[in-house]
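Model the placement of chains B, C, D, E and F with the ligands on the given structure of chain A, informed by the hints.
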Amino acid sequence: MFSLSNMLIPAILFFALGFLAQLIRSDLKFPPDLAKALSIYLLVGIGLHGGIELAKIDAAGALSAVAAALGLGFGLPVIAYALLIWVVRLDRLNAAAISAHYGSVSAGTFVTAIAFLDSLKVPHESYPVIMLAIMESPAIIIGLVLANLARKGQGNGHEKRVSRELVHDAFTNGSVVLLLGSMLIGAIAQPAGLGKIMPFYDMMFMGVLSLFLLDMGMEAARRIGDFRKVGPSLLVFGIMMPMIGAAVGLATGHWLLGFGAGGTLLVAVLAASASYIAVPPAMRLAVPEASPALFLTLSLGVTFPFNVIVGIPLYFWAARWLAGPV
Amino acid sequence: MFSLSNMLIPAILFFALGFLAQLIRSDLKFPPDLAKALSIYLLVGIGLHGGIELAKIDAAGALSAVAAALGLGFGLPVIAYALLIWVVRLDRLNAAAISAHYGSVSAGTFVTAIAFLDSLKVPHESYPVIMLAIMESPAIIIGLVLANLARKGQGNGHEKRVSRELVHDAFTNGSVVLLLGSMLIGAIAQPAGLGKIMPFYDMMFMGVLSLFLLDMGMEAARRIGDFRKVGPSLLVFGIMMPMIGAAVGLATGHWLLGFGAGGTLLVAVLAASASYIAVPPAMRLAVPEASPALFLTLSLGVTFPFNVIVGIPLYFWAARWLAGPV
Amino acid sequence: MFSLSNMLIPAILFFALGFLAQLIRSDLKFPPDLAKALSIYLLVGIGLHGGIELAKIDAAGALSAVAAALGLGFGLPVIAYALLIWVVRLDRLNAAAISAHYGSVSAGTFVTAIAFLDSLKVPHESYPVIMLAIMESPAIIIGLVLANLARKGQGNGHEKRVSRELVHDAFTNGSVVLLLGSMLIGAIAQPAGLGKIMPFYDMMFMGVLSLFLLDMGMEAARRIGDFRKVGPSLLVFGIMMPMIGAAVGLATGHWLLGFGAGGTLLVAVLAASASYIAVPPAMRLAVPEASPALFLTLSLGVTFPFNVIVGIPLYFWAARWLAGPV
Amino acid sequence: MKPVKRIEIVIEEIELENVIRELDRIGVVGYTIVPHAGGRGERGVRYESLQGLGNVLMTIACDERQATRVIDAIRPILKRYGGICLVSDAMWVIHDS
Amino acid sequence: MKPVKRIEIVIEEIELENVIRELDRIGVVGYTIVPHAGGRGERGVRYESLQGLGNVLMTIACDERQATRVIDAIRPILKRYGGICLVSDAMWVIHDS
Amino acid sequence: MKPVKRIEIVIEEIELENVIRELDRIGVVGYTIVPHAGGRGERGVRYESLQGLGNVLMTIACDERQATRVIDAIRPILKRYGGICLVSDAMWVIHDS
Ligand SMILES: Nc1ncnc2c1ncn2[C@@H]1O[C@H](COP(=O)(O)O)[C@@H](O)[C@H]1O
Ligand SMILES: Nc1ncnc2c1ncn2[C@@H]1O[C@H](COP(=O)(O)O)[C@@H](O)[C@H]1O
Ligand SMILES: Nc1ncnc2c1ncn2[C@@H]1O[C@H](COP(=O)(O)O)[C@@H](O)[C@H]1O
Ligand code: NA
Ligand code: NA
Ligand code: NA
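Protein chains in written order, with the working numbering: chain A, -3 to 322; chain B, -3 to 322; chain C, -3 to 322; chain D, 27 to 123; chain E, 27 to 123; chain F, 27 to 123.
So that you can see chain A by itself, here it is in the shape it has in the complex (with noise of 0.2 angstroms):
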């Protein structure tokens, strides 16, 4: 079942050659506005998609996995604070910035997985597109929480309405509305309709998924020139925090919410990967003292490709061995 042929999928070799395009230093350049588009076009296909799904589906169990995910998303940077204080010895401030970016989501990773999953035939539950959805949100308020923690004694007053505005920010961030406004509008919106549009999410999608992994291939190689910024021990956590965040996942997946191996993988993968599209601005807003070059090398130079070139297979191993065979 797993051998190496399980990595070849196309979207993880065109984050491969990303990487390595960057590395060789080619000078080939992807548009800022380009990745701005193919991300747009991923979040509204998996929103119409999720959104079709869950039209068929029961509202019990989409309650359990809102909930499910509300837990995820508060629960996690509280396990990251932890560890990056006492464990890493971080100062507060830069602990309260990247644990808000372990707590939500990669959505490109999320659906990499997917694309993972797709390769082996293995089906999926729906309901873990609506916890992509929701996972972006807490993360973020309990970072603006420790953070302001972190500052008491400090005093600062201009903090109050920074805060207010990056609560609503938190909810109304373009993934969020993308996401739930697709999955209202595949809930809703009468069958013809959508067969028409449909094709163009669901033809293109592995392949729009490709270039947007050949630029974030890209992108996380750049970030390895801040390795030595960020240091052996923050670097560890870069790989144990998802590993951690993935047995967390693999359990809600597995026990409390009583899914099969594809669609525990997919909840595993939600904890395991860190935010590095609409968490970075929140907490740049938010912790203006924390260091981009950590959280951004961290979530995006280190967690994100150890879980799409190693997370994902292991982590699938385990919720196969959870779920026993089939």
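To be clear, the hints were calculated from the coordinates, so they are not data collected in a lab.
Certain hints may be false.
Keeping only pairs whose Cα atoms sit at most 20 angstroms apart, straight-line, the calculated SDA-like set for lysine to any residue is [stated by the list, open to error]:
#, chain 1, residue 1, chain 2, residue 2
1, D, Lys105, D, Gly67
2, B, Lys156, E, Arg91
3, E, Lys28, F, Pro102
4, D, Lys28, E, Arg91
5, A, Lys52, A, Pro309
6, C, Lys117, B, Lys156
To spell it out: a stretch of chain C is covered by chain A in this simulated footprint if at least three of its residues, at any positions, have a beta carbon under 8 angstroms from a beta carbon of chain A; those stretches are [unchecked claim]:
#, region
7, 7 to 19
8, 31 to 44
9, 95 to 109
10, 262 to 268
Don't be surprised by glycine CBs; every beta carbon is placed ideally from N, CA and C.
Below, chains B, C, D, E and F with the ligands without anything else, positioned relative to chain A:
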């Protein structure tokens, strides 16, 4: 036949999503170049489809459609101008600029109407596509003439050159060139080659439209801030004028051109819609004294959403009533 | 067999439309990032297709194709240089820069040739795709060598470092990385995953090409203003050199590589086409004394349109004559 | 022509909204924004990306009195989030003179 | 280095062609254009959009005599279509000196 | 506020890497880059395109001593590849003063 479900076509829902995202001040951003790319795609797609259909039909029908388009393009701005001067009591230069917008057309609204017909599985004639291509230009020229008339007595020598350039621009603006050019290509290209490119324009069309309308919804909502500047009587004009235009269009489509319900709806939409891409820059150059806050807010912020959400189903109801039971 | 209808393939018609739009000074604008996006898509698409085909074929054939590509890449610039120096009597630095363009290739022309073969339902070998990927680099290096030879006696120390960088760039430029990388992915990725991404590259390919050529048509027409600077003898070179290249390519394809009419046409097109994306910036860096008005106008404004409109059918006629009746 | 202060500010894209709010508070109506900027400073390299962590370049022409107020309002933002602010002299070609 | 006037113009994208025509008439060869600019002034907010109603930023380095002619040519355009023009002093690092 | 030199450079996009290497050599840390620029000069019209032959606009604020070194390093590049470099005076609103 007419239930809420008619409005639940994805194109309209995405428009609403964009509108909402802007209202709740989401940080969702659409790269301007992406909007330009989608609009190029849509215009070429409309043109190719139209051209393929037109290659099959008789020249006489095409000629009367062209004549009707010219009539609407020259006539509607005059109606709009009269209303603006005598009823709304607007100054002549702003009235001239706004009139030009209402004589021209909105390809976005036109394609949304096609999506609407598709979702009801109602067929439509192909002539309206030629009318779409033709109606951009006359309105710009009439706007220019009205503005020059308005300026009589104010004396200004520099205008002549600008006018000459604008007549050139009216016939060579990007939308016109793309529509007419692709229509010609659709009509004359050899079928085997067309067969290779049409999947790109067929299967993605409604999906691309949904993304385009997502952005247009945001753009429309951005205009709400200027409602104050526009004032109540102009806002009413922004809703009445499309209905007057639609009435003229319905009459033209049904009686003059003898179209069925589908084709009649499309002519009504051409007459009812106001340009918000090609005409604004033309009027900005031609009538710099006129306020973009007025003409853009009316065409993009009032008439466009009205047509997409209320107008299309309403005009179709009327078209059906005229066409009689099938 | 050869009628005007062969030229009515949509790709060529869109090129003509773009050319015309620019000639009539339409305000049609193509966002530069869209052109970059389309070119990334096309290169990846060509690469994947090539890779899938190459996985099926024997290494011996691939090796002789590689050898032929290297031969053409190193040989053609020398022919071009000799012509420019002795016949056109151009200065050595401009001659070096221009020669490099003609030794390299134009992926846009290559794909137009594939569209041409498709429209005639003529099959072709898959080796030419490797040749496309390989021919970018040698020409750049030869251009550099010729320029350095030309500078002998003028003395300039700074050149060494630039040369070293340029050799690096020649092998890592974006087009080369995308082509070789996707070819490798196409060859090694597991089939199930490839099956998921290929619809994106299959069904849209010719449609995307049509939009790309629309922009390239505008770009080519923009160069017409510089025809004066180029002068008549260089303009003639811009038409003769592709024919000489095509002759060499036809011979290589037919006799050396033993290809059929389709494959022979593609080799001819590789030899006949001049680079207008990867080589211009390389020559700008390597030979800043050379005038971009000369090399860009020749490759983009003369040779590219000539090949697309006249050259491809002409070379195919010759390829067919060589290959004999099927 | 009238002598004015030309204020040139480079800040992170995500800070732009805050700066405009400050300008509104002070009553500065006019400014020009150039997006897609990158750069390097004490806080490392910045470039346009999916995250919106690139820079924007803002130019404000105003009289000396307003300039002082703009600078005072901008300074804490620069302190907190980084960026630069340069002030120089220029002549404003007024439309009607 | 040679002292020059640095003219900085912000105009609507659609006006660019007209301004370049004026520069050609005057004989100014060199200029730099930054597209995609936005801004706010007496005529409200402008931003890049489908309509091409965003701004461009144009910088011209020239001697004082040419500067006067550029300003005279630009002024009616600014009056009619809006925008700003700032003039300041700079030293031009000439290539060959 | 502290008086600084404001160096403004327009070069071809493909030259950017070389210029940054020179800045690194000199020890200049801060600069701002605006991409997508076009323009016209002795070497004809330049605009953003597939070929990367458009311009970028680079702004550097530094003290006079560094400015001299930057200019010396930039001059041969301008001579070889074209472009312009303008130097003017400005006041830098320092974050902490
Ligand atoms: N000396 C400088 N000259 C020009 N731009 C600068 C300079 N220092 C900083 N910047 C710009 O300001 C941004 C933030 O600077 P910093 O907060 O120092 O990292 C950088 O990304 C640059 O775009
Ligand atoms: N005081 C100012 N400072 C900087 N830019 C300005 C100023 N006033 C106007 N602008 C720019 O000029 C454009 C047109 O201005 P206006 O014609 O006054 O609306 C605006 O969109 C701004 O980009
Ligand atoms: N006088 C000038 N004023 C402003 N920008 C200039 C000037 N001359 C040249 N440039 C810019 O520098 C680039 C290269 O100039 P050149 O090397 O003279 O062709 C041009 O494309 C312009 O962007
Ligand atoms: Na997570
Ligand atoms: Na109309
Ligand atoms: Na060649």
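Tested hints:
1. Restraint check for D:Lys105 and D:Gly67: satisfied, since their Cα atoms lie roughly 13 angstroms apart, inside the 20 angstroms limit.
2. Simply put, B:Lys156 and E:Arg91 have alpha-carbon atoms about 30 angstroms apart, too far for the 20 angstroms limit, and the pair is violated.
3. Distance check on the hinted pair: E:Lys28 and F:Pro102 sit about 17 angstroms apart at the alpha-carbon level, within 20 angstroms; holds.
4. The straight-line distance between the Cα atoms of D:Lys28 and E:Arg91 is roughly 19 angstroms, inside the 20 angstroms bound, and the hint therefore holds.
5. The suggested pairing of A:Lys52 with A:Pro309 is violated, with an alpha-carbon distance near 29 angstroms, which exceeds 20 angstroms.
6. About 55 angstroms separates the Cα atoms of C:Lys117 and B:Lys156, which puts this hinted pair outside 20 angstroms; it is violated.
7. Closer than 8 angstroms: that is the beta-carbon criterion, and the region 7 to 19 of chain C has 0 residues meeting it against chain A, so the requirement of 3 is violated.
8. Residue count for the region 31 to 44 of chain C with a Cβ under 8 angstroms from a Cβ of chain A: 5. That meets the three needed, and the coverage hint holds.
9. Given a C-beta distance limit of less than 8 angstroms, the hint that chain A covers the region 95 to 109 of chain C is violated, as 0 residues qualify and 3 are needed.
10. Under the rule that three or more residues need a Cβ within less than 8 angstroms of chain A, the assignment of the region 262 to 268 of chain C is violated, with 0 such residues.
The structure fails to meet hints 2, 5, 6, 7, 9 and 10 from the earlier list, while all remaining hints are met.
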